[in-house]
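For the protein sequence lines, the chains are A and B, in the order given.
For the first sequence, numbering that gives the first Met the number 0 begins at 0 and goes up steadily by one.
For the second sequence, numbering that gives the first Met the number 0 begins at 0 and goes up steadily by one.
Certain hints may be false.
Copies of the same chain look alike in the list, so a pair counts if it works inside one copy or between any two.
As the list claims (entries may be wrong) - Computed cross-link-like contacts, EDC-like style, restricted to lysine to aspartate or glutamate with a CA-CA straight-line distance of at most 20 Å:
(1) 10 / 387
(2) 429 / 37
(3) 29 / 40
(4) 121 / 450
(5) 486 / 282
(6) 324 / 190
(7) 423 / 479
(8) 324 / 272
(9) 34 / 24
(10) 370 / 206
(11) 344 / 27
(12) 15 / 240
(13) 427 / 19
(14) 427 / 292
Keep in mind the hints are simulated off the structure, nothing from the lab.
Protein chains: 2
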Amino acid sequence: MAKVKKQPRPKAETPKGFRDYFGAEVTERKAMLDKIAEVYELYGFDALETSAVETVEALGKFLPDVDRPNEGVFAWQEDEKDWLALRYDLTAPLARVAAQYRNDLPAPYRRYAMGPVWRNEKPGPGRFRQFYQCDADTVGAPSVAADAEICAMLSDVLEALGIARGDYIVRINNRKVLNGVLEVAGLSGDENEAARGIVLRAIDKLDRLGPDGVRALLGEGRKDESGDFTKGAGMAAEKAEIVMGFMEALRPTGAETCARLAELVEGSQIGAEGVAELQQIADLLAAQGYGPDRIVIDPSVVRGLGYYTGPVYEAELTFDVQNEKGQTVQFGSVAGGGRYDDLVKRFTGQQVPATGVSIGVDRLLAALRSKGQTIAAQQGPIIVTVMDKARMADYQTMVAELRQAGLRAEVYLGNPKNFGNQLKYADKRKSPIAVIQGSEEADRGVIQLKDLILGAKLAETASAEEWKDNPQQIEVPRTDLVSEVRKMLART
Amino acid sequence: MAKVKKQPRPKAETPKGFRDYFGAEVTERKAMLDKIAEVYELYGFDALETSAVETVEALGKFLPDVDRPNEGVFAWQEDEKDWLALRYDLTAPLARVAAQYRNDLPAPYRRYAMGPVWRNEKPGPGRFRQFYQCDADTVGAPSVAADAEICAMLSDVLEALGIARGDYIVRINNRKVLNGVLEVAGLSGDENEAARGIVLRAIDKLDRLGPDGVRALLGEGRKDESGDFTKGAGMAAEKAEIVMGFMEALRPTGAETCARLAELVEGSQIGAEGVAELQQIADLLAAQGYGPDRIVIDPSVVRGLGYYTGPVYEAELTFDVQNEKGQTVQFGSVAGGGRYDDLVKRFTGQQVPATGVSIGVDRLLAALRSKGQTIAAQQGPIIVTVMDKARMADYQTMVAELRQAGLRAEVYLGNPKNFGNQLKYADKRKSPIAVIQGSEEADRGVIQLKDLILGAKLAETASAEEWKDNPQQIEVPRTDLVSEVRKMLART
Numbered sequence: 000m001a002k003v004k005k006q007p008r009p010k011a012e013t014p015k016g017f018r019d020y021f022g023a024e025v026t027e028r029k030a031m032l033d034k035i036a037e038v039y040e041l042y043g044f045d046a047l048e049t050s051a052v053e054t055v056e057a058l059g060k061f062l063p064d065v066d067r068p069n070e071g072v073f074a075w076q077e078d079e080k081d082w083l084a085l086r087y088d089l090t091a092p093l094a095r096v097a098a099q100y101r102n103d104l105p106a107p108y109r110r111y112a113m114g115p116v117w118r119n120e121k122p123g124p125g126r127f128r129q130f131y132q133c134d135a136d137t138v139g140a141p142s143v144a145a146d147a148e149i150c151a152m153l154s155d156v157l158e159a160l161g162i163a164r165g166d167y168i169v170r171i172n173n174r175k176v177l178n179g180v181l182e183v184a185g186l187s188g189d190e191n192e193a194a195r196g197i198v199l200r201a202i203d204k205l206d207r208l209g210p211d212g213v214r215a216l217l218g219e220g221r222k223d224e225s226g227d228f229t230k231g232a233g234m235a236a237e238k239a240e241i242v243m244g245f246m247e248a249l250r251p252t253g254a255e256t257c258a259r260l261a262e263l264v265e266g267s268q269i270g271a272e273g274v275a276e277l278q279q280i281a282d283l284l285a286a287q288g289y290g291p292d293r294i295v296i297d298p299s300v301v302r303g304l305g306y307y308t309g310p311v312y313e314a315e316l317t318f319d320v321q322n323e324k325g326q327t328v329q330f331g332s333v334a335g336g337g338r339y340d341d342l343v344k345r346f347t348g349q350q351v352p353a354t355g356v357s358i359g360v361d362r363l364l365a366a367l368r369s370k371g372q373t374i375a376a377q378q379g380p381i382i383v384t385v386m387d388k389a390r391m392a393d394y395q396t397m398v399a400e401l402r403q404a405g406l407r408a409e410v411y412l413g414n415p416k417n418f419g420n421q422l423k424y425a426d427k428r429k430s431p432i433a434v435i436q437g438s439e440e441a442d443r444g445v446i447q448l449k450d451l452i453l454g455a456k457l458a459e460t461a462s463a464e465e466w467k468d469n470p471q472q473i474e475v476p477r478t479d480l481v482s483e484v485r486k487m488l489a490r491t
Numbered sequence: 000m001a002k003v004k005k006q007p008r009p010k011a012e013t014p015k016g017f018r019d020y021f022g023a024e025v026t027e028r029k030a031m032l033d034k035i036a037e038v039y040e041l042y043g044f045d046a047l048e049t050s051a052v053e054t055v056e057a058l059g060k061f062l063p064d065v066d067r068p069n070e071g072v073f074a075w076q077e078d079e080k081d082w083l084a085l086r087y088d089l090t091a092p093l094a095r096v097a098a099q100y101r102n103d104l105p106a107p108y109r110r111y112a113m114g115p116v117w118r119n120e121k122p123g124p125g126r127f128r129q130f131y132q133c134d135a136d137t138v139g140a141p142s143v144a145a146d147a148e149i150c151a152m153l154s155d156v157l158e159a160l161g162i163a164r165g166d167y168i169v170r171i172n173n174r175k176v177l178n179g180v181l182e183v184a185g186l187s188g189d190e191n192e193a194a195r196g197i198v199l200r201a202i203d204k205l206d207r208l209g210p211d212g213v214r215a216l217l218g219e220g221r222k223d224e225s226g227d228f229t230k231g232a233g234m235a236a237e238k239a240e241i242v243m244g245f246m247e248a249l250r251p252t253g254a255e256t257c258a259r260l261a262e263l264v265e266g267s268q269i270g271a272e273g274v275a276e277l278q279q280i281a282d283l284l285a286a287q288g289y290g291p292d293r294i295v296i297d298p299s300v301v302r303g304l305g306y307y308t309g310p311v312y313e314a315e316l317t318f319d320v321q322n323e324k325g326q327t328v329q330f331g332s333v334a335g336g337g338r339y340d341d342l343v344k345r346f347t348g349q350q351v352p353a354t355g356v357s358i359g360v361d362r363l364l365a366a367l368r369s370k371g372q373t374i375a376a377q378q379g380p381i382i383v384t385v386m387d388k389a390r391m392a393d394y395q396t397m398v399a400e401l402r403q404a405g406l407r408a409e410v411y412l413g414n415p416k417n418f419g420n421q422l423k424y425a426d427k428r429k430s431p432i433a434v435i436q437g438s439e440e441a442d443r444g445v446i447q448l449k450d451l452i453l454g455a456k457l458a459e460t461a462s463a464e465e466w467k468d469n470p471q472q473i474e475v476p477r478t479d480l481v482s483e484v485r486k487m488l489a490r491t
């Protein structure tokens, strides 16, 4: 290593777009991911943990030029040889693994993966350049039973996290039905590739532009508020209605929705295949007891239609929350996925069917928090205060007893001179109880237990008279430390 | 993003020095880290998760030149501005956090952190460029009670992981005692800085060179087997014996060891201080019931003496294992740490006392595996085989029943044509039971349960006669699926 030069003091800052997670922010996410992993395991999925670093080649990004190797990923060159990069999702590493170990892995291969991914993008409010993903994919299963299973699993995951039935819905659609619709609408064939692209992008904007905006884009085009004109697909009105009909084909039951879709794709083989797949998924789910209160066939799911090759699905939370502007809105999508068949092909030339879901960890965690459903928020530790520095061994003994009883506890290890600082510390740690023993109490074989939770309540509401009685602090025999602490914890 | 160019097929490989972790490799490590976190939490430590990426500046590495910014770390330059890098340990990010949030964090700040770190080093056998660390540190606690506490916690961690008392030992030493020894040996003062450096490096080599090798390095120097000569510290023999005496000062009890150390540092104030600290640590631990069967004052702990400023400690596993050459050896060190006072100073100029431990995750996991103490190795899923593709809904119903009963289960989702492949798949998944139902069985309302664990045993030991009886496969009513599967799992 080169000799360290004298430098000005470094700034104590995270790089732009990165952040730190403290205490409950870590443990709540962990508890959520643990619950999800439990359900994934129950469904036979196996854990996979790949490293954060992949070759740029394996990630499927290519080098446009040496100076700017990878818009979108964090990349660097090793010894003037390989370019390495941080993974930007968990699917690209899965593709590499599925190709690299194709002779050893069970087929089908069900794997789940959880961990951070990195995006070299402009950070914005709430948008970070490192965030968690949580995926489950089945590689090598051609049957749509694999898609149905992942939808069932997604439903189970949400309920395992405490989201009540009725507060979420899993929606399924199928890219093949869209392909059939495009065929019927006269947009098959190479010569219509550009028009199909416009249609796909228009469909993807349904949420934002509404049906009329999409209709305009399917036809001649659309002028937005700024006056900019986006050229449309140039479809005749009655053909455009077939596409619109696709997005609006949701009916009260899956069977009726499939019947309506069958009408729309009449005459298209790929379309008929897509409808049959949706019907099969609906049947499989019904057999397992997943009714339309949990999972529905819904052709208005358009997210990701362009990317996937078969069934697509997403999970939406349907309860109301307040957005930043104080408006009541539905929480919205927390997971999405679908079937894609080119996973391994890039590496091996061989087409391998795959289907999988990615859960938006941060959004889902925010949803759980807004419902008060976060798990395992750790209580602060019981603080054994230090009244007499020379008696540290006594305090350590107390804390050892508490820990042996499974109670989270610690001795105050800062400078003990100012007792107020010790209580301020306890407050900052959200400590439920402070244990106090000066030499006078030690001589009498007693300790003081201060109920900090009750104390905080009293500080807000109690009269001077009540406060003087000091009901939040009790004196108990030293020998009863553990049992009296337990009693006090139970009353709060 | 730049237009993607046609490229030859990428290689499906991890970058050199990186690896993938599958199934139990992931879940066993996770279970171990969960247990450790539980103990850390019990001691009042709070989780902290920083991002993988830090500015090179904050990491405390400097730029010798632009082409080779960081020997030892993975680094890259952002937009011709900041250099960013992957963290190489969990201490440097803690230092940044302790400085950045110094006005908001509780003081003392007890934090634990677990996660991967990255080293841009030549990979070797068993040496990877990404690996886990698992640290606990107390920042802002000047008292050695903080060091004693971490040693007690380390002992609790090992026992929580199933390592029996007697199979491990936590050893404590103190850098201040060494400083006292050096002073008494006439090596204080600026003019002896070089000699002190040689002594420190010699002490660090005790394990490898033995006492005589170290003695030679303390004196004139040492010629190694290849004939290379390493210059020594040039100490007179009787002065060198003071240093040797330090390393050999271990006595049957902590009190006797401290008494011996007090003799060695007689006349040195810093040395006396160090001995008093060790005595205080021993007293605090004794008060909490941590006797020398768990934690000992041991001056032969030299690892890290150069780096730390006060107490140093390490945990060693003392049971025998076979090494790669088939020799019986002690497992050795699995954790180490100590007190260091310049943590935050680089950022703020302010000295902040800190002490902490880092557990060698991979080594500890290997130790648990060698003792058969790994936790929660997940059993393979029960496989519901597909005899009749048209009856997929029935099979999915079976698997849903099993999952609802909390049993890990899945339907075979590959091509069902070849039944042998389904059983091979079950074997690869380490499945305990295969569920089989053809249309004939369906008509009779029964299923076959194949005990794959018993089957594997029989395949090894059974005679042709026994095999023919086929005791590993039973027929049960379809309605008894869950209870019969439970019975079969219980018998294996």
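Q. Checking against the hints above, which ones are violated?
A. 1, 4, 5, 6, 7, 8, 10, 11, 12 and 14
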